[in-house]
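Trainee: Quick note, the sequences are listed as chains W and C, same order.
Letter by letter, the first sequence follows residues 170 to 284 of this note's numbering.
Letter by letter, the second sequence follows residues 36 to 147 of this note's numbering.
Simulated from the structure, these hints should not be mistaken for lab results.
Any given hint could be a false lead.
What follows is a list of derived Cβ distance ranges for each label pair [unchecked claim]: (1) GLU272/W <-> SER63/C: 22 to 28 Å; (2) ARG112/C <-> VAL243/W: 23 to 29 Å; (3) THR282/W <-> GLY44/C: 21 to 27 Å; (4) ARG76/C <-> TYR187/W: 42 to 48 Å; (5) PRO116/C <-> LYS247/W: 28 to 34 Å; (6) TYR74/C <-> GLY254/W: 36 to 42 Å; (7) LEU81/C <-> GLY209/W: 20 to 26 Å; (8) SER196/W <-> SER75/C: 24 to 30 Å; (9) ARG76/C <-> ASN271/W: 40 to 46 Å; (10) GLY222/W <-> SER47/C: 44 to 50 Å; (11) GLN66/C <-> GLY185/W: 26 to 32 Å; (12) GLU80/C <-> GLY185/W: 34 to 40 Å.
Partial selection, computed: residues in chain W whose CB lies under 8 Å from chain C [to be verified]: (13) ASP193; (14) SER196; (15) ALA200; (16) GLY211; (17) PHE214; (18) PHE235; (19) PRO239; (20) PHE275; (21) PRO277.
Here a beta-carbon is modelled for each residue, glycine too, at the ideal position from N, C-alpha and C.
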Amino acid sequence: GAGVSQTPSNKVTEKGKYVELRCDPISGHTALYWYRQSLGQGPEFLIYFQGTGAADDSGLPNDRFFAVRPEGSVSTLKIQRTERGDSAVYLCASSSAPDSYNEQFFGPGTRLTVL
Amino acid sequence: QKEVEQDPGPLSVPEGAIVSLNCTYSNSAFQYFMWYRQYSRKGPELLMYTYSSGNKEDGRFTAQVDKSSKYISLFIRDSQPSDSATYLCAVRRRDSSYKLIFGSGTRLLVRP
Chain W
170 GAGVSQTPSN KVTEKGKYVE LRCDPISGHT ALYWYRQSLG QGPEFLIYFQ GTGAADDSGL
230 PNDRFFAVRP EGSVSTLKIQ RTERGDSAVY LCASSSAPDS YNEQFFGPGT RLTVL
Chain C
36 QKEVEQDPGP LSVPEGAIVS LNCTYSNSAF QYFMWYRQYS RKGPELLMYT YSSGNKEDGR
96 FTAQVDKSSK YISLFIRDSQ PSDSATYLCA VRRRDSSYKL IFGSGTRLLV RP
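Input sequences plus hints: build the corresponding full structure.
Mentor: Okay, here's the thing in structure tokens:
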């Protein structure tokens with residue numbers, strides 16, 4: 170497809186479980202971002218990849234959260250020992266190159282519910 | 036204090052009205068200013084972006100930035116029911132990792 174895709178669209182899990190959320194960026198986009206959006210709030214930055222490396226992970230809330238992008242394309246956000254407070258929409262965005270200004274294109278998000 | 040403040044609304048207007056949406060930000064290091072539109076259960080999509088004080092117009096939309104007062108606005112002329120969505124302002128530093136800092140969003144409802 171032409172846009173950013175994210176799977177699954179919805180994920181319901183139990184407290185304490187492990188989850189993986191996947192992002193397929195726009196083909197050729199080198200920069201990839203993860204954001205988290207809680208109900209009634211704007212997206213909050215989690216992590217930024219340039220190629221395969223995490224250039225800025227300052228937004229990850231704690232060490233239960235981890236993200237990878239091993240081949241510089243698809244990225245996976247991993248959450249260990251999920252807590253109810255992790256319930257949110259996890260958004261992925263990609264852009265063509267991180268110089269001056271390049272639009273970040275967002276995917277539809279994965280809605281995570283932790284019971 | 037949040038770095039970007041935005042009135043959450045909701046804002047309800049009749050079709051054809053002029054809509055004014057506003058944000059304030061706290062840090063003069065922010066150099067890029069954006070407005071995103073987000074429909075329910077969708078990702079945000081970029082409407083307008085600017086990096087200088089003044090006005091930028093695109094069709095029915097005008098973005099306004101006043102760096103001296105750290106105030107950004109989006110005006111929508113001749114509003115349509117299809118404009119009903121949440122509008123998010125966002126800012127970015129020039130020297131950062133390009134992460135966006137968003138306001139909390141304003142819900143807009145345009146009544147037919």
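Trainee: Each hint: holds or not?
Mentor: Status of each hint after checking the structure:
Remark: the range hint 22 to 28 Å for GLU272/W to SER63/C is upheld by a beta-carbon distance near 24 Å. For ARG112/C paired with VAL243/W, a C-beta distance near 41 Å fails the hint of 23 to 29 Å. Between THR282/W and GLY44/C the CB atoms are about 25 Å apart, so this pair conforms to the stated range of 21 to 27 Å. Taking the beta carbon of each, ARG76/C and TYR187/W are about 25 Å apart, not inside 42 to 48 Å as hinted.
Range check, PRO116/C to LYS247/W: about 41 Å between beta-carbon atoms, so the 28 to 34 Å window is missed. One distance hint, 36 to 42 Å for the beta-carbon pair TYR74/C and GLY254/W, is violated here, with the actual separation near 26 Å. Remark: the range hint 20 to 26 Å for LEU81/C to GLY209/W is upheld by a beta-carbon distance near 21 Å. At roughly 28 Å, the beta-carbon separation of SER196/W and SER75/C lies within the given 24 to 30 Å, and the hint holds.
The given range of 40 to 46 Å is broken by ARG76/C and ASN271/W, whose C-beta atoms sit roughly 26 Å from each other. The supplied range of 44 to 50 Å is met by GLY222/W and SER47/C, whose beta-carbon atoms lie about 46 Å from each other. The hinted window of 26 to 32 Å between GLN66/C and GLY185/W is violated, with their beta carbons roughly 43 Å apart. Take GLU80/C and GLY185/W: their Cβ atoms lie about 35 Å apart, and the range 34 to 40 Å holds.
Residue-level restraint check for ASP193/W is violated (minimum Cβ-Cβ distance to chain C is 13 Å; threshold 8 Å). Interface restraint check: SER196/W against chain C, minimum CB-CB distance 17 Å, threshold 8 Å, status violated. The interface hint given for ALA200/W is met, as the beta carbon of that residue sits about 7 Å from the closest beta carbon of chain C, less than 8 Å. Annotation: interface hint on GLY211/W holds; nearest CB of chain C at approximately 3 Å, less than 8 Å.
At about 4 Å, the closest approach between the beta carbon of PHE214/W and any beta carbon in chain C falls short of 8 Å, and the interface hint on this residue holds. Because the smallest distance between the Cβ of PHE235/W and any Cβ of chain C comes to about 18 Å, over 8 Å, the interface hint for this residue is violated. Of the supplied interface hints, the one on PRO239/W is violated, with its beta-carbon coming no nearer than about 20 Å to a beta-carbon of chain C, more than 8 Å. Interface restraint check for PHE275/W: the shortest CB-CB distance to chain C comes to about 3 Å, inside 8 Å, so the restraint holds.
With its C-beta approaching chain C no nearer than about 5 Å, PRO277/W sits inside the 8 Å limit, and its interface hint holds.
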